[in-house]
Amino acid sequence: MANIEKKEFVCIRCPLGCNVTATLTDGEITEITGNTCPRGADYVTKELTDPRRIVTSLVRVEGGALPVVSVKTASDIPKGEMFDCAKALKETVVSAPVRIGDVVLKDVCGTGIDVVATANVEAV
Amino acid sequence: MTKDLVIIGGGPAGLAAAVAAKKAGIDDLLILERDNRLGGILNQCIHNGFGLHTFKEELTGPEYADRFIREAAELQIPYELSTMVVDLGRDGNDKIVTAMSRERGIFQIRAKSVILAMGCRERPRGALNIPGMRPAGIYTAGTAQRYVNIEGRMPGRTVVILGSGDIGLIMARRMTLEGAKVRCVAELQPYSGGLKRNIAQCLNDFDIPLLLSHTVVDIKGKERVESVTIAQVDEHLKPIPGTETEYECDTLLLSCGLLPENELSGKLGVPLSRVTGGPLVNESFETEVPGVFACGNVLHVHDLVDYVSEEAAAAGRKAAEYVTNVSESVPADDEAPLRLTGTNGVRYTVPATIRLSHMEDSQVIRFRVGSNYRNATIRVTAGDRVLLERKKNVLAPGEMEQLTLKKADLETLPAGSEIVFEIAM
Amino acid sequence: MRDVIILGGGVTGCSIARELSAYKLDLLVLEKNSDVCEGTSKANSGIVHAGYDAKPGTLKAKLNVRGNEMMGRLSEELDIPFKRNGSLVLCFEESGRATLQRLYDQGVANGVKGLEILEGDAVRALEPAVSDSVVAALHAPTGGIVCPFLLTIAMAENAAVNGAEFLLNTEATDIRVISGGYEIDTDKGTMQAKVIINAAGVHSDFFHNRVVGKEELKIIPRRGEYCLMDKNVGDLVSHTLFQLPTALGKGVLVTPTVHGNLLTGPTATDIPDGEDTATTAEGIAELTAKAALSVRSLPSRSVITSFSGIRAHEEKDDFVIGSPEGFPGFFDAAGIESPGLTCAPAIGEVLAEQVAAYLKAEKKSDFIPTRKGIPNMALAGPEERSRLIAADPRYANVICRCELVTEGEIVEAIHRPVGATTLDGVKRRTRAGMGRCQSGFCSPKVVEILARELGTDPAQIRKNNPGSEFLTGYIKEDI
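Protein chains in written order, with this note's numbering: chain A, 114 to 237; chain B, 163 to 587; chain C, 21 to 499.
No wet-lab data here; the hints were simulated from the structure. It is possible that part of the hints are untrue.
[Said to hold, decoys possible] As a list, the in silico DSS-like pairs of lysine-lysine whose alpha-carbon atoms are at most 25 angstroms apart:
hint	chain 1	residue 1	chain 2	residue 2
1	A	K159	B	K218
2	B	K343	A	K192
3	A	K219	A	K192
4	A	K200	B	K343
5	B	K553	B	K569
[To be verified] One-sided excerpt, in silico: chain B residues whose CB lies under 7 angstroms from chain A:
hint	residue
6	P224
7	D228
8	L339
[What the hints assert, rightly or not] Some chain C residues flagged as far from chain B (calculated, every beta-carbon gap over 10 angstroms):
hint	residue
9	L48
10	G134
11	P161
12	D207
13	F226
14	K234
15	G475
16	R482
Values in this document were obtained by computation on a predicted structure and should not be read as measured data. In this text, a Cβ means the ideal position worked out from N, Cα and C, and glycines have one as well.
Construct all of the structure, not just a fragment, from the sequences and the given hints.
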C-alpha cells in the first residue's frame with residue numbers, strides 16, 4: 114500500500130500568499146493544489162526537494178570599532194545546514210579592519226559556499 | 163553658520179534625499195546624524211531582503227546603507243555625526259536648526275530649507291497597557307536587535323514575542339540562530355502585520371508557533387521576567403477568560419508597531435496626520451511649513467526601504483527646487499491644491515495634497531489599508547469622475563500600496579477638488 | 021556600637037538621615053534594595069498635600085501641615101523641582117457638599133491656609149478642563165507637586181555629604197534588644213546601635229513587633245495603580261484634581277507632575293504580598309473610568325506607562341512615630357502612607373529632635389544644608405548649556421532623546437554620593453528613559469556608560485536589584 118502524505122505551504126513568491134497543499138506518494142510529489150499560478154507549484158517543489166536559505170549572522174571582531182561584524186552566506190545553502198552554519202561561525206574571529214565582501218569563512222559546512230562580511234568595521 | 167539645505171537624519175531617507183538634492187545642484191548642504199555613523203537603523207538590520215526593487219539584488223541592511231553612504235561620499239556630501247538636533251525654529255523664511263555635539267558644542271544653522279528624516283520609534287510596553295510586573299527582560303524588538311547585532315550580546319535565553327511586526331519576526335529567527343529558544347509569537351489581530359516571507363522563513367523554518375488573536379495578559383517575575391501569560395482574544399480584541407496559557411521565559415520582546423518620531427516637527431508647528439503620526443505633505447513632500455520637507459519613516463512607516471529611498475529622492479529634488487526658487491525670489495503661488503483623502507478601507511494617502519503647478523508628469527501615491535482584502539478594487543474618484551481603478555488580488559495592512567496618478571488626468575479638475583481613494587469590493 | 025541605624029532608605033528614612041546628619045552622630049542607613057527610593061517612595065502621586073484630609077489632632081494632620089510648610093524651603097536647599105500648583109477636591113453631586121464642607125472645616129482646624137469652596141463655574145474658570153458634572157470643589161492653594169525620586173535622593177545625598185553612611189543591598193532580617201541598644205541581623209552580618217529608627221515601610225510592623233515582643237502593629241500592603249501620560253498632554257490641567265467618592269467608589273486624582281507629564285491614580289487594593297507591584301487590566305480600567313469623570317476629555321491614548329506602588333497602611337489608620345513605651349532608643353516611623361511624602365520632612369524633624377535628645381547629641385558647626393542638583397540640559401537656557409558643554413563636552417552628547425538627557429548628566433549621577441549604579445537609578449536621577457519611548461533607544465547606551473564608569477562589564481549592569489541584569493550572555497554561547 115502506497116504511503117500518502119499531505120504537506121501544507123504558504124507560497125511566498127508574491128504577496129498573495131496562497132495556501133498550497135502538496136501530496137506525496139511514497140515520498141514523490143504526486144499533486145500540488147491551492148496555487149493560483151505556476152510559481153506556487155515551483156515554490157513548493159523547491160521547498161520539498163531542495164529548500165535553501167541565505168543565512169545572515171555575526172562573527173566576532175578583534176581590534177575593531179565594534180565587537181562583531183555582520184555576515185551572510187554568499188548564496189543560499191541547504192536549509193538543513195542553517196544551524197551548523199551558525200555553529201561554524203561560533204569559533205570564527207576576524208581581525209579589523211573588515212570590509213563588505215571580505216570572506217570570513219570559506220566553504221562553510223562543506224557547501225562550497227563562503228561566508229562574507231556585510232558591513233565595514235574600522236580598526237582601532 | 164548658514165546652509166541652503168540641512169537634512170536631519172543620516173539613515174536611508176536622509177542619505178537618499180541628500181544624494182538627490184546634491185545631484186539637483188545643491189552644493190551647500192549638510193546631513194546631521196545623531197549616531198556615530200551613517201546608515202541609521204539599517205546598520206542593525208543584518209538580515210537580507212533589502213534592495214530588490216532598487217538594485218535588483220537581495221542585500222542586507224548594512225550593505226544597502228553602504229551603497230548610499232558610498233554615493234554620498236563620492237558626491238562629497240558633508241555630514242556631522244554624533245550630532246543631535248535639539249530645536250527647530252523659524253525666522254522669516256529661514257529655518258533655525260539648533261544642534262549639539264561633543265566636537266562642536268551647541269551650534270545653530272540658518273537654513274533655507276530643511277528635510278526631516280528622523281525615522282520612527284517602537285511602541286513601548288507602557289503604551290500597550292500590558293498588565294503585570296515590571297522586571298528586567300522586557301524589550302522592544304529593535305532594542306534587542308541592537309544588543310544582538312551591534313553589541314554581540316544576548317538579552318535573553320527563552321523568549322516570547324508579542325506582536326508579529328517584521329522586526330519581531332526577524333528577531334525570532336535571529337535569537338534562535340544565536341542560541342535562544344523562542345517559544346511563540348502572539349499577535350492580537352487575527353492576521354499578522356508582517357510580510358509573508360518573514361512568517362515562512364523566520365517562524366515556520368524554526369517551528370515557532372504564531373498565535374493569532376492572542377495577547378499577553380500577565381507578566382510574572384520580580385527582578386527578571388519569569389513567565390508570560392498569553393490568552394486568546396475575542397472579536398473585540400478582549401482576552402477570553404479560561405484561555406490563558408503561562409509560558410516560562412526570561413524575555414518578552416515587543417513588536418507592536420512603529421511611530422514616526424516627530425518631536426522636532428512639533429517644535430516647528432508642522433501639522434501632523436492623525437492616522438500616520440507624520441507630517442501632512444503635498445506632492446513635493448513639503449510640510450505645511452514652506453521649505454520644510456519630510457520623507458521616510460518620519461513621514462509614514464514603510465514596509466520596504468526601497469520605497470523610502472524613492473520617496474526621499476523625490477523630497478531631495480523638490481527641496482533643491484525650493485532652494486533655487488527662494489534664492490531667485492520666485493513668488494509663491496496661491497492656487498488651491500487638490501486634496502487627497504482615503505476612505506472605505508484606505509487609511510490615508512501620502513501626499514495629502516497636490517499642487518498641479520508643482521506636480522511632475524506623474525505622482526506616486528502611497529497608502530495603507532485597514533484590514534485584509536481579497537479580489538478588491540482600489541478606486542480613485544473626484545466627484546462623479548473615476549480617475550483610476552486598479553484590481554488587487556490581495557491587500558494587507560502590513561504592506562504599503564501605491565498607485566500612480568497622471569498629471570494629464572488631473573488638469574481638468576477644478577482647483578481645490580477632493581480626490582478620494584477607496585476600496586470597492 | 022554605632023549611634024544610629026536607620027532601617028529603610030525611602031523618603032522617610034532619608035529625611036530622618038538628613039536631619040540627623042546635622043548632629044555629631046555615627047549614622048548608618050540600611051537599605052535592602054540597590055538604591056534609595058526603591059519601595060513605597062518610588063511609586064506614588066508626588067503630591068504635596070495641603071492638609072485637610074486628616075482628622076484634627078492626629079499625627080497625620082499635624083505633620084502634613086508642617087511638611088507642606090517646610091517643602092518650599094527644602095526644595096530650594098536641595099535644588100529639586102517643587103511647584104505649589106494648588107489642588108481641587110471635585111464634588112460631583114449636590115449631596116457631596118456636606119462632605120466638602122467637612123473637609124473645609126477639617127482643613128481650617130488643621131491650620132491649612134487659603135481654603136475656599138468654589139461653585140462649579142468658578143472651578144471651571146480656574147481650571148477649564150474640569151468636567152461639566154462638577155458642582156463645587158474645595159480649592160487648596162497650598163497644595164503642590166514634587167518629584168518623589170529627587171526629593172528622596174537629594175535628602176540621601178545631602179545626608180551622605182554630611183557624614184551619613186548608606187549601606188545598600190543589605191537586608192535587615194531580625195532585631196533584638198541588647199545592653200545599651202539593639203542588635204540587627206542582616207544578610208551581611210550583625211550590627212549594633214544605640215538607636216534604631218524603624219522606617220522600613222511595608223515591613224515596619226515586623227521590626228516593631230519583634231522589639232516589643234507582641235503583634236502590636238499590622239501593616240496592610242495596599243496597592244495603587246497609576247497611569248502616566250505623555251508630556252504633550254501634561255498641560256491638560258494645572259491643579260491637582262482630587263475627587264470626593266462617587267458612584268464608582270473612592271476617587272482618583274488627575275494631576276500634572278512636576279516634570280510636566282499628566283498622572284492619574286491611584287486605585288486601592290489590599291494585597292497579601294508587599295512586593296507585588298503588578299498592574300492589572302481591571303485596575304487600569306477602573307482608574308481610567310474614574311479619572312474620566314474629572315475632566316472633559318481624558319487623553320487615555322497618551323499613556324506612556326502604567327505602574328503600581330505599595331502603601332504601608334496601618335490598621336489603626338494613623339502614623340506610628342516615636343519610641344514605644346519601655347523600649348528607649350527604638351524609634352518608629354511606621355504606617356507611613358499618604359500623605360507620607362508630604363510629611364517626610366516633618367517626620368525627619370520630629371524624630372531627629374527626639375533622637376538627638378535621647379543621645380544628648382550636639383549639632384555640627386559645619387553642617388551643609390544645601391545640595392546642588394545634577395545639571396539639567398533639558399531645562400537649561402542657552403548660556404547655561406554652553407557653559408556646561410565648555411566645561412565638559414559630554415554635556416553635548418545626547419543619550420536620552422525623549423527627555424534630552426546627556427552623557428554628562430548620567431556620568432554625574434553615577435559619581436555623586438549615594439550615586440546611581442543601576443538603570444533605574446540613572447532614570448530617577450536624570451530622567452533618562454522616562455520619556456515617551458520608555459528607554460527603548462537609550463537603555464543600551466546607559467548600560468554602556470554605567471559599565472564604563474563603574475569599571476565593570478555590561479553584563480553586570482542591572483535594572484535595579486540583583487537578578488535584574490539586562491544581558492544574559494554573548495551570542496552563540498548556547499548553540
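Inset, instruction - Of all the hints given earlier, name the ones this structure violates by number, lowest first. - result: Structure breaks hint 16 only.
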